[in-house]
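Each residue of the sequence shown is one higher than the last, beginning at 1 in my numbering.
Just so you know, the hints here were simulated from the structure itself, not pulled from any lab data.
A portion of the hints provided could be inaccurate.
Below, in silico cross-link-like pairs of lysine-lysine (BS3-like), each with a Cα-Cα straight-line distance of 27 Å or less [unchecked claim]:
#, residue 1, residue 2
1, Lys83, Lys20
2, Lys14, Lys93
3, Lys26, Lys13
4, Lys13, Lys24
5, Lys79, Lys24
6, Lys24, Lys83
7, Lys89, Lys14
8, Lys14, Lys79
9, Lys24, Lys14
10, Lys24, Lys93
11, Lys89, Lys13
12, Lys93, Lys26
13, Lys26, Lys89
14, Lys24, Lys85
15, Lys79, Lys13
16, Lys13, Lys83
17, Lys20, Lys93
18, Lys79, Lys89
19, Lys14, Lys83
20, Lys83, Lys93
21, Lys93, Lys79
22, Lys24, Lys89
23, Lys20, Lys85
24, Lys26, Lys83
25, Lys14, Lys26
Each pair of labels, with its calculated beta carbon distance range [said to hold, decoys possible]:
#, residue 1, residue 2, range
26, Asn72, Pro8, 52 to 60 Å
27, Ser53, Asp82, 24 to 32 Å
28, Gly54, Met90, 40 to 48 Å
29, Met45, Glu6, 13 to 21 Å
30, Lys26, Phe47, 46 to 54 Å
Think of the CB as a built atom: it goes at the ideal place given N, C-alpha and C, for glycine as much as any other residue.
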Amino acid sequence: MQVMAETPQQDYKKLYEDLKASDKMKTEFLQVISHELRTPITPIMGFVSMLFSGRMGPLTAQQRMAVEVIANECEHLTKIVDKLKEFSKMEGKNG
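When you get a sec, could you build the whole thing from the sequences and use the hints?
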């Protein structure tokens with residue numbers, strides 16, 4: 001049985017389809033990663049809020065400073081996740 005060689009046009013079409021599939025996987029990966037990173041931030045910020053409000057008891061000055069660091073780092077991580085989400089949305093529209 002003789003196997004026919006693919007034409008250059010068929011080669012390009014296969015490459016294009018492979019690139020589209022790869023791009024789709026990248027976009028889906030970014031969406032999953034941004035979701036998975038955001039998921040733990042929500043309860044952390046909830047507990048930070050409860051600690052600051054005093055609902056879990058008074059904080060010492062040292063504890064308050066530690067909770068402020070946690071809150072600041074969560075806000076920083078949230079901004080990174082938001083940028084990832086924006087990027088994945090842009091990628092999805094271009095794909």
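Against the structure, the hints:
At roughly 23 Å between alpha-carbon atoms, lysine 83 and lysine 20 fall within 27 Å of each other, so this suggested pair holds. Taking the CA atoms of lysine 14 and lysine 93, the gap is about 22 Å. The hint holds against a cut of 27 Å. Taken as a hint, the lysine 26 and lysine 13 pair is honoured in the structure, with Cα atoms around 20 Å apart against an allowance of 27 Å. With a CA separation close to 16 Å, the supplied pair lysine 13 and lysine 24 stays within the 27 Å bound.
For the hint pairing lysine 79 with lysine 24, the CA-to-CA distance comes to about 24 Å; that is within 27 Å, so the pair holds. Distance hint between lysine 24 and lysine 83 is fulfilled; the C-alpha atoms sit about 18 Å from each other, no more than 27 Å. Simply put, lysine 89 and lysine 14 have alpha-carbon atoms about 25 Å apart, close enough for the 27 Å limit, and the pair holds. Of the pairs offered as hints, the one joining lysine 14 and lysine 79 is violated, with about 38 Å between alpha carbons and a cut-off of 27 Å exceeded.
With a C-alpha separation of about 15 Å, the suggested pairing of lysine 24 with lysine 14 holds against the 27 Å cut-off. For the proposed pair lysine 24 and lysine 93, the alpha carbon gap of about 11 Å is at most 27 Å, so the pair holds. With a C-alpha separation of about 25 Å, the suggested pairing of lysine 89 with lysine 13 holds against the 27 Å cut-off. Restraint check for lysine 93 and lysine 26: the C-alpha separation of about 13 Å stays at or below 27 Å, so the hint holds.
Proposed proximity of lysine 26 and lysine 89 is supported: the alpha carbons are some 11 Å apart, at most 27 Å. For the hint linking lysine 24 to lysine 85, the alpha-carbon distance of about 15 Å falls within 27 Å, and the restraint holds. As the CA atoms of lysine 79 and lysine 13 are separated by approximately 39 Å, the hinted pair breaks the 27 Å bound. A distance of roughly 33 Å separates the Cα atoms of lysine 13 and lysine 83; the hinted pair therefore is violated under the 27 Å criterion.
Taken as a hint, the lysine 20 and lysine 93 pair is honoured in the structure, with Cα atoms around 13 Å apart against an allowance of 27 Å. A threshold of 27 Å between alpha carbons decides the hint, and for lysine 79 with lysine 89 the separation of about 15 Å falls inside it, so the pair holds. Taking the CA atoms of lysine 14 and lysine 83, the gap is near 32 Å; set against the 27 Å cutoff, the hint is violated. Distance hint between lysine 83 and lysine 93 is fulfilled; the C-alpha atoms sit about 15 Å from each other, no more than 27 Å.
Between the alpha carbons of lysine 93 and lysine 79 the distance comes to roughly 21 Å, so the proposed pair stays at or under 27 Å and holds. Our distance criterion of 27 Å between C-alpha atoms is met by lysine 24 and lysine 89, whose separation comes to about 11 Å. A hinted pair counts as satisfied when its Cα atoms are at most 27 Å apart, and lysine 20 with lysine 85 qualifies at roughly 20 Å. A distance of roughly 15 Å separates the Cα atoms of lysine 26 and lysine 83; the hinted pair therefore holds under the 27 Å criterion.
A C-alpha spacing of about 18 Å is found between lysine 14 and lysine 26, which places the hinted pair at or below 27 Å, so the restraint holds. The beta-carbon spacing between asparagine 72 and proline 8, approximately 56 Å, falls within the hinted interval of 52 to 60 Å. The hinted range of 24 to 32 Å is satisfied by serine 53 and aspartate 82, whose Cβ atoms lie roughly 25 Å apart. Taken as a hint, the range 40 to 48 Å holds for the pair glycine 54 and methionine 90, whose Cβ atoms sit roughly 42 Å apart.
The supplied range of 13 to 21 Å is broken by methionine 45 and glutamate 6, whose beta-carbon atoms lie about 54 Å from each other. Checked against the hint of 46 to 54 Å, the C-beta distance between lysine 26 and phenylalanine 47 comes to roughly 34 Å, which is inconsistent with it.
Checked against the numbered hints above, the structure breaks hints 8, 15, 16, 19, 29 and 30 and satisfies the rest.
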